[in-house]
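With chain A fixed as given, assemble chain B onto it according to the hints.
Protein sequences, first through last, are from chains A and B.
With our numbering, letter number 308 in the first sequence gets 308, and the count goes up by one each step, no holes.
With our numbering, letter number 191 in the second sequence gets 191, and the count goes up by one each step, no holes.
Worth double-checking, as some hints may not be accurate.
Claimed, not checked - Estimated spans, in silico, between C-beta atoms of each pair:
1. A:Arg504 <-> B:Arg312: 56 to 66 Å
2. B:Glu233 <-> A:Arg521: 53 to 63 Å
3. A:Asn434 <-> B:Asp189: 25 to 35 Å
4. B:Gln141 <-> A:Asn434: 31 to 41 Å
5. B:Asp241 <-> A:Leu475: 33 to 43 Å
6. A:Ala491 <-> B:Asp189: 25 to 35 Å
7. A:Leu475 <-> B:Arg191: 41 to 51 Å
8. B:Arg418 <-> A:Gln224: 52 to 62 Å
9. A:Ala507 <-> B:Asp189: 27 to 37 Å
10. B:Asn121 <-> A:Pro226: 21 to 31 Å
To be verified - From the derived model, a few chain A residues whose C-beta atoms are all more than 12 Å from chain B:
11. Leu62
12. Gln112
13. Asp142
14. Gln175
15. Val278
16. Pro340
17. Leu383
18. Gln438
19. Asp442
20. Asp488
21. Gln516
22. Glu526
Hints in this document: simulated from the structure, not taken from any laboratory.
Note that the coordinates shown come from a computational prediction; the quantities given were computed from them, not determined experimentally.
The beta carbon of each residue, even a glycine, is placed where N, CA and C say it ideally should be.
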Amino acid sequence: MRWLTWISLPVLALLLAAVVQTAGSVEAPLSPPAAVPEAQRLDAAVEQLNQHFQQRWQQAGLQPVAHADELTVFRRISLALFGCVPALAEIKAFEQDQQPNRLDRWIVRMLQDERFGRYFADRLARSLTGVEQGPLFIFRRDRLRDWLAEQLLADASWGRMTRDLIAAEGLWTDQPAANFITIARMENEELDETKLAGRTVRAFLGQRIDCAQCHDHPFDPQWQQPHFEGLAAWYCQATVSLAGVTDFDRDKADQPVVYRITEPGRDNQAGRTVDPAVPFNADWLPTTGSLRSRLAAWVTHPQNRRFERAIANRIWGLMVGRPLQDPVDDLPHPEDSAAPDALDLLGAEFRQRGERLSVLIRLIALSQPYQLSSESTEQDVLLLRQQQQQWAVFPLVRLRPEQVIGSLFQAGRVRMVDQNSHPLIRFQKLTSENDFIQEYGDAGEDELNPQSGTITQSLLKMNGRFTAESLKVDLLSGPAEVLQLSPDDTAVIENSFLMCLTRRPAAAEQQYFLEQLKDNRKQAVEDLFWALFNSPEFSWNH
Amino acid sequence: MESLMTDRRGVLQRLGTTGLSFLLPCMSQAAAGRRGNDRPASLIVLWMNGGMSQLETWDPHPGTVSGGLTKAISTSAQGVQISHLLPKMAEQMHECLLIRSLHSKEGDHERGAAFVRTGYNPEPTLSYPTLGSVIARQLPQASLQIPPYILLNPRIPVPEGGYLGNEWNAFRVFRPGEKVANLTATVPDERLQRRLQGLDVVGREFARRRPLAEQLTLQQDLTRRAVQMMQSEQLAAFQLDEEPATLQDSYGRTDFGRGCLVARRLVETGVRVVEVTLPGFDTHISNHEGHITQCQILDPAMSALLHDLRQRDLLQSVIVLCISEFGRTPRINPADGRDHWPGWFSCVVAGGGFRRGAVLGATSAEIPTGDPPGPQDPISVPEVYATILSQLGIDGSQEVITPVGRPIRFASATPNLRLLHSGS
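With the rest of the complex left out, here is chain A (with noise of 0.2 Å):
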C-alpha cells in the first residue's frame, strides 16, 4: 500500500493547503473600489435612460414600484456577471464600503475580475456559435471563449471584435476568432454560408432571417429571400484548410468564387449565381477588401442602428434574465422617424464610449429599472404583467442552470470562488458545473427564453449530491465556517442567509431557526442550508 500513500499525500497537501485558505475570520479584508473617473462616469446618460422609462410609466398609467435594496440590486449583478451570488466576504466588504457611488465604484472592480471574463465569455459564445458540438478538431469552443474573456477583460470594442469574428483568418487555434466560421464547415468539407448568414444576422444585428432562406420574412418586409441569399454570398470565399480559414485567392483563380444555388427539381442543374448583396444601405459597404471584411464593415457600420440595438438588448437580457425586447434576436425595424427608444438611448452611449460592452452593463445596471424591487402587491395577473413588460418592477427570472450551480457552489463557501481560490477548489467547481448541468438540464442557445423548471431539477436540488456537499458541516465547508466563527446562533442565521440569499432573515425566519438551532446545531445548520438552497428565492433572479 507504500504506493498509496505517496499519491496520498500530494492530495493531501492540497487539502491541508485549502484548509489554510479558508481558515480565519468570516469578515474579509477586500477594501473598497478607487472612484470612478469623472470623465467615465455615466450620470448624463443614466438619467436621459430614467426619464424615457419616467415616461413610458406615465403613458402606462403606472407606478413604478419602490427600489430594491442595495444589497438586491448587488445579488443581481453578480448573477449577471458572475454567474453566482455574491459571497458572504464580499458583501460584508460591500456593506463595509459607505463611500459615495458605491454601486458603480464595485460594477467597475467586478468587470475587472476574471470570473467576469469567464463567465461573460461563455454567454457570448452561445450567442455566436450554438451550444452545438461542431466539427471535431476544427472547431474548438474552449479557444474562442478564452479569445473573447481576454478581449472583454481588456475593455476591448465590440465593433472590432466583431469585424474580426466575420473576417477572421488563420487557424482556429492561433486566432480564435475564426472559430465563428469553422463551426459552419459541413460534412463535405464545404462550408455553410446560409448557416453563417443566419448566424451573423442574429447575433450581430438582432434579426432571425434564416426563415427567409426559404421564404420571405412573415413579418417584416425588409428581409426577403433575396437578402438572405445575398448575405450568404459574402461568404462565398471562405474556405477551412489545414491552413485555416482563408478567402480564395480572386486574383491567382482562372475565375473568381462566386456564390451558386441549385433548387432540386430544377433543369439547371448549374445553379444561379447570386451576387453578395445587403438589404439596405449598399453606400455603407467599402469598396475595397475581402468580401468578409467588407460585410464586416456594413454590419458595423457606424450609422448601423441595428448593429448598437442588438448588443443592447442582448446585454439587458444577460444582466435581468429577459431582454427589453422579446425575443432578444428578432427586433423590429428601427423606423427613422421614430422618437430614440430605450434601445436607441444605450445604443448611443455605447457607439460614442468606444463601443465597450463595460458601457452598456454600467448603464442598464445603474438604470432606475434595474434598480425596482421586484415586490409588487398587484393581484391581477394582466396588470402584473402590464407592469412587468413595461419595468416599473423587477420582473422575477428564473435562474439558468449555470447560475444555480454557480450560486450553489459559492453559497456553500465563506470567500469567493475566483482564480485566487486554491486549484482543488477551482477544479471541484468546474466538474461540479459540468456534471450538475447535465443532470439539470442545459439552457440551450436560446438561453434568454423563458424556462420553466422541471421535477428533474427540483428532486436534483433536494436530494443531488451538489447539495448534499455544499450543506455538509465538514472541515472545509462555508457551513462549517459559519458555525465556528459566529459569535451566537443569531449570527449564524445571519450568515447562513447572506451566503444563500444575500439578506439578512426576517424576523419570523430568525425566530424558527433559533428554535431549531437549540438541538443539534450541526444538523440545524445542514438543515437551514438545505431549506434555503432549495428556496424559490434561491433560484430566482428578483
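Below, chain B alone, put in the same frame as chain A:
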C-alpha cells in the same frame, strides 16, 4: 389554435392553496389493473443510438456486395425475412409492421436524431418538441404521480420539450432497474419534514412580498410534486425486484434488457412515453462484428418485450417503435465499417392498431453511384409520427402558436392509413 406565448392565466387554476402542504396522500392507482383497450395508451420507443445498419437487421440483402456477411432468415410473418442476427425477433414479426423505406436528409448524428425524434428538420431558430413530449403533454393522466415521459439509459443530451417548454422534457434514468438517482431523500423522514418546514418558512417570506408573481413561478408547486413523487408507491415501477428471474433472463441481463422490462412496468403504471436507448450502433469500423454484439442485446430484449406485452394483453394499447437516427451505407468501407446513410433506413412498429406481419417499402441491393435513387414506396418519419399520434387520439394537425409567434402543427404530415391494421 392554442397559444404558448404569454398568457398564463390557466396557471393559477393549477395551483392549490398557498404555502406548502407537502404531505399529500398517494392517490389510488387503477391503471395497472386495466387491460386491452380499456387503459391509457402509451408509446415505447426503442432508440438505436448511433445509426443502426438496416442491412444487418431489418433489411438484409444476402449474397450481394452491399449485403456483406449477413444472411436472411424467414420469420413468423409470411414472406418476411430479416437478418439472421435477430432469430428471436423473427418469431415475433407476425406482431410487427416493418417499414424499410424511411428517409432523411440529415447525415449528422445530432441533426439526424433531431429530425427523427421530432419529425421536423432541425432549424437554428426554433427547437421542436420530440414525439414523446407532444404525447405526454396532450394526454395528461391525473392519477400519475411519476413523470409521463421517461428516458431509460439516455445518450442524447438535447432537451425534449422544445417550444413546448422544459416542463415537457423527459425524466432521465441512467441505470434502469437500479435505484433511481435523486428520488430518495438523503435524510430520514423526520428530518426531511423539518427541512420542509424550514423551506415553508423561507418560502412564505418571499411570497408575502410579491404574492402573485411568486405564485406564477410555480416553484412551490414543483416542490410539492417532487415530494409527492418521492413518496409515491408508483416508484416501484422503476424496480425489477418483483419480476421473476426467468423473465429478467428472457429480456437479457443488460442495461437495455432491464430498460425494456422497466419500460413495460412503467407503461403498466400509466406512463405515457418511455424511450429505451441501446447505444453503440455507430459502426464505422467492423460493422458486422459490431452488429453481432448489438443484436445479441436487442434481439432478446425486444422479442421478450413484445411477447410480454401480448401475454399481458397490453399490445392493443401500447405502441412499440424501434428506430434510429439514420441507416448505414450500402458500401462497406475499407475498415469493414459502414458510414452514415440517411438515404433509406428501417423501423419496426408493433401494437396500437398498426398492421401486423407486414412490410412496407423496399431498397435496392445496388451500391448507388452519384445521387441515390431513394427507396421504393417511401414512407416519411413525419407520416409515421402523425399515424402514431392519431392512434393515441391526438390530432397532429392541431396548431399551436410557439413562443416566437409562429404557428406550428404537432405533426408535419397526415396519418398514413396504410400503416394501420384497418388500412391493410
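So, going through the hints one by one against the coordinates:
| no. | hint | result |
| --- | --- | --- |
| 1 | A:Arg504 <-> B:Arg312: 56 to 66 Å | 59 Å, holds |
| 2 | B:Glu233 <-> A:Arg521: 53 to 63 Å | 36 Å, violated |
| 3 | A:Asn434 <-> B:Asp189: 25 to 35 Å | 33 Å, holds |
| 4 | B:Gln141 <-> A:Asn434: 31 to 41 Å | 34 Å, holds |
| 5 | B:Asp241 <-> A:Leu475: 33 to 43 Å | 38 Å, holds |
| 6 | A:Ala491 <-> B:Asp189: 25 to 35 Å | 31 Å, holds |
| 7 | A:Leu475 <-> B:Arg191: 41 to 51 Å | 22 Å, violated |
| 8 | B:Arg418 <-> A:Gln224: 52 to 62 Å | 40 Å, violated |
| 9 | A:Ala507 <-> B:Asp189: 27 to 37 Å | 30 Å, holds |
| 10 | B:Asn121 <-> A:Pro226: 21 to 31 Å | 22 Å, holds |
| 11 | Leu62 | 15 Å, holds |
| 12 | Gln112 | 33 Å, holds |
| 13 | Asp142 | 18 Å, holds |
| 14 | Gln175 | 24 Å, holds |
| 15 | Val278 | 20 Å, holds |
| 16 | Pro340 | 26 Å, holds |
| 17 | Leu383 | 9 Å, violated |
| 18 | Gln438 | 7 Å, violated |
| 19 | Asp442 | 7 Å, violated |
| 20 | Asp488 | 19 Å, holds |
| 21 | Gln516 | 7 Å, violated |
| 22 | Glu526 | 9 Å, violated |
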